[in-house]
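Let's have the full structure, built from the sequences with the hints guiding it.
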Amino acid sequence: RFRMRAPAALARYIAAKGSVCVDGISLTVNAVDGAEFELNIVPHTLAETTLGDFTPGRRFNLEVDIIARYLERLLLGERAAEPGAGGLSEDFLRRCGF
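In terms of the numbering used here, the sequence shown is numbered consecutively and its last residue is 98.
To be clear, the hints were calculated from the coordinates, so they are not data collected in a lab.
C-beta: ideal position from N, C-alpha, C; glycine also.
Hints are all accurate, no fakes.
Here are the simulated distance ranges between beta carbons:
1. Leu93 x Phe60: 30 to 40 angstroms
2. Lys17 x Phe60: 19 to 29 angstroms
3. Thr55 x Val32: 15 to 25 angstroms
4. Gly77 x Val42: 35 to 45 angstroms
5. Leu75 x Arg1: 24 to 34 angstroms
6. Arg3 x Glu63: 15 to 25 angstroms
7. Ser26 x Gly57: 16 to 26 angstroms
Structure (structure tokens):
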């Protein structure tokens, strides 16, 4: 089991049972706790990839599920391109009838 930390800008796109790509290796997320997430690595994956060489504190390339980014962009509309654009607000949901 690996426990990793994502930068804040990417952490919001990581969900349990979703996928991430660590150094080019596509993996399923087991659990999420804030910016930290856990991955269960099967022995074959550990043996056949560079994950077997990982040590605590090692830097790695992280890619998140593109679907989460698309969904955010759809929900925010034009505001998605604005710096600091947040997620859904209570006001937005009210205006949409929720």
